[in-house]
Amino acid sequence: GHVRKTAPYLEKKLDELVEKHDCFTARRGKGFMQGITVTVSPSTIINKAIENGLIVFSAGHDVVRFVPPLVITKEDIDEMIVRLDKAISEVEK
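The C-terminal residue of the sequence shown carries number 938 in the working numbering, and the numbering is unbroken.
Wrong hints could be hidden among the right ones.
[To be verified] In the DSSO-like style, the derived pairs of lysine-lysine whose C-alpha atoms are separated by at most 30 Å in a straight line are: (1) Lys931 with Lys850; (2) Lys919 with Lys858; (3) Lys875 with Lys857; (4) Lys893 with Lys858; (5) Lys938 with Lys850; (6) Lys850 with Lys919; (7) Lys865 with Lys850; (8) Lys893 with Lys875; (9) Lys931 with Lys865; (10) Lys893 with Lys938; (11) Lys919 with Lys893; (12) Lys893 with Lys865; (13) Lys857 with Lys893; (14) Lys850 with Lys875; (15) Lys875 with Lys931; (16) Lys875 with Lys865; (17) Lys857 with Lys931; (18) Lys858 with Lys875; (19) Lys865 with Lys938; (20) Lys931 with Lys893; (21) Lys938 with Lys919.
[Said to hold, decoys possible] Just the calculated beta-carbon pair ranges, DEER-fashion: (22) Lys850 with Glu935: 30 to 36 Å; (23) Glu864 with Thr918: 19 to 25 Å; (24) Thr884 with Pro914: 26 to 32 Å; (25) Lys938 with Thr918: 29 to 35 Å; (26) Gly846 with Ser903: 29 to 35 Å.
Hints in this document: simulated from the structure, not taken from any laboratory. Backbone N, C-alpha and C define an ideal beta-carbon position, used for all residues, glycine too.
Could you build all of it, start to finish, from the sequences and the hints given here?
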């Protein structure tokens, strides 16, 4: 129930990042298993995310994958988005 209630919020926040950053092309996924297709090397984004305290990983040559814990809250999602946004901003410099 928690995932069904919270996943749309995660999707909305990721969609907003896709719209904001040129290196993102689309969000895809189901529930808490989400991915964003990218136009840069996923490892570049992953390394910057780790520097900002966020663990993400790649799924193929053009996807950054997010698989948060099932107990994640909206506040945790907001913090994740802030850290990811900062990481992406550093990549796009």
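Verification of the hints:
1. Lys931 with Lys850: holds, 27 Å
2. Lys919 with Lys858: holds, 10 Å
3. Lys875 with Lys857: holds, 12 Å
4. Lys893 with Lys858: It holds: about 19 Å lies between the C-alpha atoms, which stays within 30 Å.
5. Lys938 with Lys850: Given that 30 Å is the threshold and the Cα spacing comes to 36 Å, the pair is violated.
6. Lys850 with Lys919: holds, 10 Å
7. Lys865 with Lys850: holds, 25 Å
8. Lys893 with Lys875: holds, 25 Å
9. Lys931 with Lys865: Since the Cα atoms of Lys931 and Lys865 sit roughly 12 Å apart, the hinted pair holds (cutoff 30 Å).
10. Lys893 with Lys938: Status holds; Cα separation ~12 Å.
11. Lys919 with Lys893: This hinted pair holds, its Cα atoms lying about 23 Å apart.
12. Lys893 with Lys865: Holds. Lys893 to Lys865 sits at ~17 Å (cutoff 30 Å).
13. Lys857 with Lys893: holds, 22 Å
14. Lys850 with Lys875: OK: Lys850 and Lys875 at ~13 Å, within 30 Å.
15. Lys875 with Lys931: OK: Lys875 and Lys931 at ~25 Å, within 30 Å.
16. Lys875 with Lys865: Holds, at about 21 Å.
17. Lys857 with Lys931: Since the Cα atoms of Lys857 and Lys931 sit roughly 18 Å apart, the hinted pair holds (cutoff 30 Å).
18. Lys858 with Lys875: Holds, at about 14 Å.
19. Lys865 with Lys938: Holds, at roughly 14 Å.
20. Lys931 with Lys893: Roughly 9 Å separates the two Cα atoms, so the pair holds.
21. Lys938 with Lys919: Cα-Cα ~29 Å, so holds.
22. Lys850 with Glu935: 30 to 36 Å: holds, 32 Å
23. Glu864 with Thr918: 19 to 25 Å: holds, 24 Å
24. Thr884 with Pro914: 26 to 32 Å: Given range 26 to 32 Å: holds, Cβ gap about 29 Å.
25. Lys938 with Thr918: 29 to 35 Å: About 31 Å separates the Cβ atoms of Lys938 and Thr918, which means 29 to 35 Å holds.
26. Gly846 with Ser903: 29 to 35 Å: Holds - the Cβ-Cβ distance for Gly846 and Ser903, about 30 Å, lies within 29 to 35 Å.
Hint 5 from the earlier list is the only one contradicted by this structure; the remaining hints agree with it.
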